[in-house]
Amino acid sequence: MENNETVLAKDDVLTKKYLRRKDYITFSMAKFAVSAIVGLTQGYLLIFYTSVMGINPVMVGVMFLVAKIFDGLNDPIMGVIVDKTKTRLGKMRPYLIFGAIPFGVITILLFVPLGDMSAAGKLVYMYVTYIGYGILGTVVNVPMDGLPAVASPNNEERTKIISVSRIVGSIGEQSALVLYSLFALFLNMKETYMVMGIVIGILAPIFMLLGVFNLKERIPPSKVPPKILDGFKYLFKNKQFLALISSLLLSFFRNLVTATIIYVVTYIYSNGSLNIFFALPGAVASMLGMLFAPKLRKKFDPKTIFIGSTLIHSAGLLLVYFVGFNVPWFVTAILMAVAMLPVGLLNVVPHFMAIDTLDYWEDKTGSRNEGVTFAIISLRSKISSAFKDFVFAGLLSFFFFTTPLLTINNHSPAQLAFTQSGIFMIFTIIPAVLNLVSILPMMLYKLSGKRMAEITARLSIKRAEMMSENGGEGAVGAEQTENDNDAGAVFDSDGGAISQIYETDAPDVTGGVQPESASYNYDESDGGESI
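Count along the sequence shown from 1, add 103, and you get the number used in my numbering.
Mixed in with the good hints, there may be bad ones.
Okay, the calculated beta carbon distance ranges per label pair [what the hints assert, rightly or not]:
1) THR407 - ASP219: 53 to 63 Å
2) ASP219 - THR190: 39 to 49 Å
3) LEU285 - ILE437: 15 to 25 Å
4) ALA517 - PHE339: 44 to 54 Å
5) PRO431 - ILE309: 40 to 50 Å
6) LEU212 - ILE309: 14 to 24 Å
7) ILE437 - LEU519: 21 to 31 Å
8) GLY497 - LEU383: 27 to 37 Å
9) THR190 - ILE309: 21 to 31 Å
10) PHE173 - LEU543: 26 to 36 Å
11) PHE503 - ARG124: 51 to 61 Å
12) SER470 - ALA520: 51 to 61 Å
13) LYS402 - LEU288: 42 to 52 Å
Source of the hints: derived by calculation from the structure; they are not laboratory data.
We treat Cβ as the ideally placed atom computed from N, Cα and C, and that holds for glycine.
The task is simple: from the sequences and hints, build the whole structure.
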């Protein structure tokens, strides 16, 4: 009888619906807003600094490297701060609520043109505003990425909200592209970037707040808060997570593709308005890849999808390179859209793998730290972005890219044939070849197939036993919303958790595996030990 109750309790935790349609819509709006800011800065800040403010590309590259690594090191600290937070709003939402408006303001300040300022003044302003942007971005992005992990204990709902919000977020990243294509029709380059910053800087915080106020946190904070250094130690203790992060760190070369588009259309095809025809089809192709990610995950493990998508993406870029740019521009745009199809999978699948590493660590040690996990992922993203910008700026200088003469209004200097060929190489063959190194650490990642199913089965039994011990009550809490069974996390008056629920992330509860017990046995090949 007790075993039957345990099975029923397990099924109740894993299959009960907690999220409403409104949750998916509003959180996706928040993700759209954050992605719009990220798309604006990553896509246009480098060319704004070099072609509007006239700062040497090498100086910009060094600034990006220093600022982003400094900012990235703050992410694990922010993750620990998040995991230590206990409020009636949860541990993620307070930072999003109070950080939204300042994040929008600093975005506007980034794109203020300072043509009359001295070269030294421009450098100082660039460093101050960009470092400020990075700090506020950490305050917002770490809890934003971690919020889906605590929004529902139902694996299917978590997978859905991650997939949907990522797809909408990918659209948000292209909002700057749409604005650029619109404003460039009647504004000069300097005014275009400034207006883009104002529009996105004002609207993004509004969307963020709408999403954050609506989505609840249903998994209470850990009773034992982590220490600051735990954020850095965890990366090396969880070897599966380390393999994932190492692989993602080396994948920064593929980001050279999108960063180079504005240079390709401006300095190879001599028409900046073509930017939308190059970037938007690729973005749509990437979004289609995201749509297929959950379906492919049911047939293939994430590791296989990651490696296969990387190989296909590199093959597509090589095809574009060998066709060359002495063809009509739309031929290059179409081929690049095809090459970008696998990128959608590469944007989603690592997030699934990260949650698998959380389950692995919980199964191994009994604890899990979502804030730290997604903080390190954010750290990786920023370091990768720093390397991308540094390498990109260095390559531009290597290929003799010429910055504008600011004494001549709206001057866009012609580039050498050598420079044009170099820009096209940065766009295609360089990321195609170098991105293959990201596959090497992935060979050490072992959370796939049967092993992940065994971990999921053990965790399911443990959670069901916890519910049984609580008298069959859902550990998530019994609060009901007005119109559905949307349960909220239960906190005491001090913001502490009254009950605790653990989560799982696998496409099947048991994966066909029926373990004899919930004991934990590990081989030594991945640094684990018997517990």
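Here is what the structure says about each hint:
1. THR407 - ASP219: 53 to 63 Å: The hinted range 53 to 63 Å holds for THR407 and ASP219, with Cβ atoms some 56 Å apart.
2. ASP219 - THR190: 39 to 49 Å: 46 Å, holds
3. LEU285 - ILE437: 15 to 25 Å: 23 Å, holds
4. ALA517 - PHE339: 44 to 54 Å: 50 Å, holds
5. PRO431 - ILE309: 40 to 50 Å: Given range 40 to 50 Å: holds, Cβ gap about 41 Å.
6. LEU212 - ILE309: 14 to 24 Å: The hint (14 to 24 Å, Cβ to Cβ) holds, given that LEU212 and ILE309 are roughly 18 Å apart.
7. ILE437 - LEU519: 21 to 31 Å: 27 Å, holds
8. GLY497 - LEU383: 27 to 37 Å: 28 Å, holds
9. THR190 - ILE309: 21 to 31 Å: 23 Å, holds
10. PHE173 - LEU543: 26 to 36 Å: Holds, at about 27 Å.
11. PHE503 - ARG124: 51 to 61 Å: Hint holds: Cβ distance 54 Å, inside 51 to 61 Å.
12. SER470 - ALA520: 51 to 61 Å: With a Cβ separation near 59 Å, SER470 and ALA520 satisfy 51 to 61 Å, so the hint holds.
13. LYS402 - LEU288: 42 to 52 Å: 45 Å, holds
Every hint from the earlier list agrees with this structure, and none is contradicted.
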